[in-house]
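Colleague: Residue numbers (the numbering used here), protein chains in the order written: chain C, 1 to 130; chain W, 131 to 260; chain S, 261 to 380; chain A, 381 to 500; chain U, 501 to 586; chain D, 587 to 672.
Because the hints were derived from the structure by calculation, they are not lab data.
Incorrect hints may appear among the rest.
Here are the computed distance ranges between Cβ atoms for each label pair [stated by the list, open to error]: (1) Phe413/A to Glu221/W: 51 to 61 Å; (2) Met381/A to Ala66/C: 26 to 36 Å; (3) Gly469/A to Gly349/S: 48 to 58 Å; (4) Glu221/W to Ser351/S: 16 to 26 Å; (5) Gly373/S to His201/W: 24 to 34 Å; (6) Ala66/C to Gly160/W: 50 to 60 Å; (7) Ser229/W to Ala365/S: 35 to 45 Å; (8) Gly373/S to Asp654/D: 29 to 39 Å; (9) Asp483/A to Leu361/S: 19 to 29 Å; (10) Asp654/D to Gly241/W: 50 to 60 Å; (11) Pro105/C to Glu221/W: 23 to 33 Å; (12) Phe413/A to Asp123/C: 50 to 60 Å.
Not the full set, but computed from the structure, chain C residues with beta-carbon under 8 Å of chain U [to be verified]: (13) Met1; (14) Arg2; (15) Phe23; (16) His32; (17) Pro35; (18) Leu67; (19) Met120; (20) Gln121; (21) Arg124.
No residue lacks a Cβ here, since even glycine has one placed at the ideal position from N, Cα and C.
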Amino acid sequence: MRLALAVHGAPYASQSSASALRFARAAVAGGHEIPRVFFYHDGVQAASAIAVAPQDEPSPLDGWVALAAEHDMELAVCIAASLKRGVVNEEERARYSLSAANVHPSFAVVGLGQLIDAVMQADRLVTFAA
Amino acid sequence: MRLALAVHGAPYASQSSASALRFARAAVAGGHEIPRVFFYHDGVQAASAIAVAPQDEPSPLDGWVALAAEHDMELAVCIAASLKRGVVNEEERARYSLSAANVHPSFAVVGLGQLIDAVMQADRLVTFAA
Amino acid sequence: MAPRRILFLLRQPPYATSHALEALEAVLVAGVFDQVVSVLFADDGVWQLLRDQDGDAVGMRTVGRVATALPQYDVNDIYVCGESLRRLGLSPDDLVLPVTLLDGAGQQALIAGQHAVVSD
Amino acid sequence: MAPRRILFLLRQPPYATSHALEALEAVLVAGVFDQVVSVLFADDGVWQLLRDQDGDAVGMRTVGRVATALPQYDVNDIYVCGESLRRLGLSPDDLVLPVTLLDGAGQQALIAGQHAVVSD
Amino acid sequence: MATLHLVNHARALPACLERAGADDAVLLLEDGVYAAAAPLPRAVYVLAADVRARGLGARLPSEAAVIDDAGFVDLVVAHQPVVTWR
Amino acid sequence: MATLHLVNHARALPACLERAGADDAVLLLEDGVYAAAAPLPRAVYVLAADVRARGLGARLPSEAAVIDDAGFVDLVVAHQPVVTWR
């Protein structure tokens, strides 16, 4: 089955990203497809390439990057939600003349329409709220 | 009177930073000193130099930067809280070999002891919770 | 592909976070995708529809004004939980939009008929 | 300068956010500053002290284990709201630390005697 | 197909139950599992990882069935839509 | 000196009132102001900016005194400690 996930909470402010990651691992282990994980609201913080997890805790970023590399899974960050929260890729950095970009290359910065597209393409939408 | 502020919520996830900024403006207008604003928990996101506010909303960052420039006010970001949330200065970027740094130069990245120091130095602590 | 039935379940109050505003933006986007879109305001989400809001006071867009744009984006199935409205001490006249009130069973049926429900 | 009386008011449950863990870290730091530090666990914050937690299950440090370090950092005034404990269905034996129970009036007096209160 | 309700804060359980049908499934996860430390008005599922993290394993009533992440996936596959209450 | 209680979510008001003295001041701000849309058991202050944003101005009971940001500062100066309930 094709399952779309939505992640709405930031790491450390919410379990949203961590719960979604465990669910995604279990789903692909069970033979399901996750064509897209849509990071919205504060969930966009999961895409930060410059977060350093505490030594005794697993890195949420590493988990997503590894899972997406093994499976055909788009990690999609909403551009409107991410820009105001300081989660920007190189294209936006240049466009707004910002001092840095911080989106990890495994994440795609996309429009909000991709959330609706994910709902249209998938058999289920599972939202991990803040 | 000397007032220390603590900001615990991230912009857009919480009014914490916006409420604290309005309070700080009113306090200095009333002749009070704010020696330090301590950004802790998710509040550290306020220090991001690469957040772009929506066109029709004021930038939380610009507000803090302008206020701190006019008054003797330290904008202090807790290093332990900020590192795991991807809010890092140039020193941490180099130390952890990260791809970018994003702390605005008006903010100082400090240890958690500076929260206790602020409480010791100030007449009041006002916490703006998430 | 047959259009999907998508419900937006909006339960958050409008200003403490950006979730309400961003969820409404998602509804407006959904409105242009030719799907069967409906919206249910429930619990504290009903506060999003109260008249006389002024987001400028706290540096945010006025959420009630964004909500009034729903019909312009072809979103016309706008429901409010009647019990939530009553609990908040409000009546339909207090709201920025004409809405359809639903009781618990009505909301249950609305949810049960969806392909997907997006929460805020 | 005379030492300050600082109370940490801990009301958040331990794993959905990092607030509980980070607030405890602030208490530990305060413990080395030679101030008069006390801690009050109230409402859902009492869950931080429940035995048999295992943060590894959700990729976080075990909050109850951090709390047991309080006395090693010279933080010995550890209070729990008795009514919150009762509401959660817990008894003092369920907690990872020996604590002093306070009723509402006791908590009010504790708060009133502080120079500063840090919330989580 | 019946609905699956996800409840990730205990305070949201009443809002969920007001709109849940008798045949629907309810899964408590994250801070939602604390709702299973109080009397429950109906059968629910609770997510194992969140129960274990919080030390609630020995305190669950018979109305709460513990499932792991694979069981969560199975519930999603067997229900539509999936609704989150926070 | 009496305590100032800040309540920034309506759901936190009961927790505050359980531990607030009769002489303490209570200020509702942010989503805390919604608590003033229901009957209030005691006099409280409410923050003007948050009331105005939410459109609650005409709905406040007589127990709620509206103050602006300068009034908030005055309350902080006149009370110690300042306690936040969320």
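Colleague: Compare the structure with each hint and give your call.
Modeller: Checked hints:
no. : hint                             : result
1   : Phe413/A to Glu221/W: 51 to 61 Å : 25 Å, violated
2   : Met381/A to Ala66/C: 26 to 36 Å  : 51 Å, violated
3   : Gly469/A to Gly349/S: 48 to 58 Å : 33 Å, violated
4   : Glu221/W to Ser351/S: 16 to 26 Å : 58 Å, violated
5   : Gly373/S to His201/W: 24 to 34 Å : 57 Å, violated
6   : Ala66/C to Gly160/W: 50 to 60 Å  : 53 Å, holds
7   : Ser229/W to Ala365/S: 35 to 45 Å : 53 Å, violated
8   : Gly373/S to Asp654/D: 29 to 39 Å : 48 Å, violated
9   : Asp483/A to Leu361/S: 19 to 29 Å : 44 Å, violated
10  : Asp654/D to Gly241/W: 50 to 60 Å : 36 Å, violated
11  : Pro105/C to Glu221/W: 23 to 33 Å : 24 Å, holds
12  : Phe413/A to Asp123/C: 50 to 60 Å : 56 Å, holds
13  : Met1                             : 5 Å, holds
14  : Arg2                             : 11 Å, violated
15  : Phe23                            : 6 Å, holds
16  : His32                            : 7 Å, holds
17  : Pro35                            : 15 Å, violated
18  : Leu67                            : 13 Å, violated
19  : Met120                           : 14 Å, violated
20  : Gln121                           : 15 Å, violated
21  : Arg124                           : 6 Å, holds
In terms of the numbered hints stated before, the structure departs from hints 1, 2, 3, 4, 5, 7, 8, 9, 10, 14, 17, 18, 19, 20, listed from lowest to highest.
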